[in-house]
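Undergrad: Counted from 1, the sequence shown has number 20 at position 22 by my numbering; the numbering is strictly sequential.
Each hint should be verified, as a subset may be incorrect.
Pairwise CB distance ranges, derived in the manner of DEER restraints [unchecked claim]:
no., residue 1, residue 2, range
1, E191, L247, 36 to 46 angstroms
2, E191, K243, 52 to 62 angstroms
3, G250, K140, 35 to 45 angstroms
4, V79, E186, 38 to 48 angstroms
5, P195, E248, 16 to 26 angstroms
6, K171, L235, 28 to 38 angstroms
7, E23, A170, 15 to 25 angstroms
8, K243, R30, 19 to 29 angstroms
9, K182, L241, 17 to 27 angstroms
10, E211, A59, 26 to 36 angstroms
11, A170, H130, 55 to 65 angstroms
12, G250, Q26, 57 to 67 angstroms
13, R175, L244, 16 to 26 angstroms
Derived pair list, reagent style DSSO-like, types lysine-lysine, alpha-carbon separation capped at 27 angstroms [unchecked claim]:
no., residue 1, residue 2
14, K22, K82
15, K245, K22
16, K85, K22
17, K182, K85
18, K171, K133
19, K82, K133
20, K182, K22
21, K199, K182
22, K192, K133
23, K85, K171
24, K22, K140
Simulated from the structure, these hints should not be mistaken for laboratory data. Here the structure is a predicted model, which means the values were calculated and not measured. Built from N, CA and C at the ideal position, the CB exists for glycine as well.
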Amino acid sequence: MAGGRLILISNDDGYHAPGIRALKESLQGLGRLVVCCPDREQSAASHALTLSRPLRLNRMAEDEFSVDGTPTDSVLLGIHVALKGKKPDLVISGINSGPNMADDISYSGTVAAALEGALFGIPSIAVSLTSHNPKDFSGAQKVARELAEWVFANGLPPETLLNVNVPAIEPAKIRGRRITSQGKRHFEEIVSEKEDPRGVKYYWVAGTRVIPEQDPASDLLAVEQGYVSITPLRFELTAEDLLGKLKGLEQG
-1 MAGGRLILIS NDDGYHAPGI RALKESLQGL GRLVVCCPDR EQSAASHALT LSRPLRLNRM
59 AEDEFSVDGT PTDSVLLGIH VALKGKKPDL VISGINSGPN MADDISYSGT VAAALEGALF
119 GIPSIAVSLT SHNPKDFSGA QKVARELAEW VFANGLPPET LLNVNVPAIE PAKIRGRRIT
179 SQGKRHFEEI VSEKEDPRGV KYYWVAGTRV IPEQDPASDL LAVEQGYVSI TPLRFELTAE
239 DLLGKLKGLE QG
């Protein structure tokens, strides 16, 4: 079993999502595969942690568990309960249906699951396929497997993860891979106001994506051009360039 490696698999699309089945299939033979993910879709849950109610961990099959919580909850319970505190050698999240690039990274439950692994000092990868209704996961499966093997061979620096987005095109048409930076896009008309049959207003959070001109190294541009985007992320958020400027605010 590949030197006794232990791999924790999670997602934000839920236990019954086809992407997590495809991911587990792609990693066969690399070690012991343990699935621990939300019991239902938790897209855009970001790095939310459930603190206001108890969580339930349900054993669905051998080495497969679902959690009635967020992707972060799932990785946390996966490590501490399903794996009985044993750190996995890799946390891998996905394969997500839909992209997780640019500003969307901050909302992504897929990325958050990998981020939780990184917080525990575990090499972690988030993998997304850029279609919201994918039919063919084979291209993303190949990328997930090869990157898992690369991480086992090379490791990752502490407190970092890889955010991977695979174009939703025929695998044979994927042009290659690009190491990218986080792009930039924003939304207009974010909140839509409507009225129910009783005349009570309600609001739907949606919006039209507006994509400004991109840096040539951005994740958005790479995927648009038919390349797999691999973006290294870290969770250190300090704005280093402001530290000196803010020194004048110090007191005492």
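Undergrad: Hint by hint, say whether it matches the structure.
TA: Do the hints match the structure? See the list:
1. E191 - L247: 36 to 46 angstroms: This hint holds: roughly 40 angstroms between Cβ atoms.
2. E191 - K243: 52 to 62 angstroms: violated (40 angstroms)
3. G250 - K140: 35 to 45 angstroms: Distance hint for G250, K140 is violated at roughly 57 angstroms.
4. V79 - E186: 38 to 48 angstroms: At roughly 43 angstroms between Cβ atoms, E186 and V79 fall inside 38 to 48 angstroms, so the hint holds.
5. P195 - E248: 16 to 26 angstroms: 58 angstroms Cβ-Cβ, so the 16 to 26 angstroms window is violated.
6. K171 - L235: 28 to 38 angstroms: holds (37 angstroms)
7. E23 - A170: 15 to 25 angstroms: holds (20 angstroms)
8. K243 - R30: 19 to 29 angstroms: violated (50 angstroms)
9. K182 - L241: 17 to 27 angstroms: holds (23 angstroms)
10. E211 - A59: 26 to 36 angstroms: The hinted range 26 to 36 angstroms is violated for E211 and A59, with Cβ atoms some 48 angstroms apart.
11. A170 - H130: 55 to 65 angstroms: At 22 angstroms between Cβs, range violated.
12. G250 - Q26: 57 to 67 angstroms: Holds, since G250 and Q26 (Cβ atoms, about 59 angstroms apart) stay within the stated range.
13. R175 - L244: 16 to 26 angstroms: violated (39 angstroms)
14. K22 - K82: holds (21 angstroms)
15. K245 - K22: Outside the cut-off at roughly 50 angstroms; violated.
16. K85 - K22: Holds, at about 18 angstroms.
17. K182 - K85: violated (34 angstroms)
18. K171 - K133: holds (16 angstroms)
19. K82 - K133: Distance ~36 angstroms between K82 and K133 Cα, so the pair is violated.
20. K182 - K22: violated (31 angstroms)
21. K199 - K182: This hinted pair is violated, its Cα atoms lying about 32 angstroms apart.
22. K192 - K133: violated (33 angstroms)
23. K85 - K171: violated (37 angstroms)
24. K22 - K140: Status holds; Cα separation ~12 angstroms.
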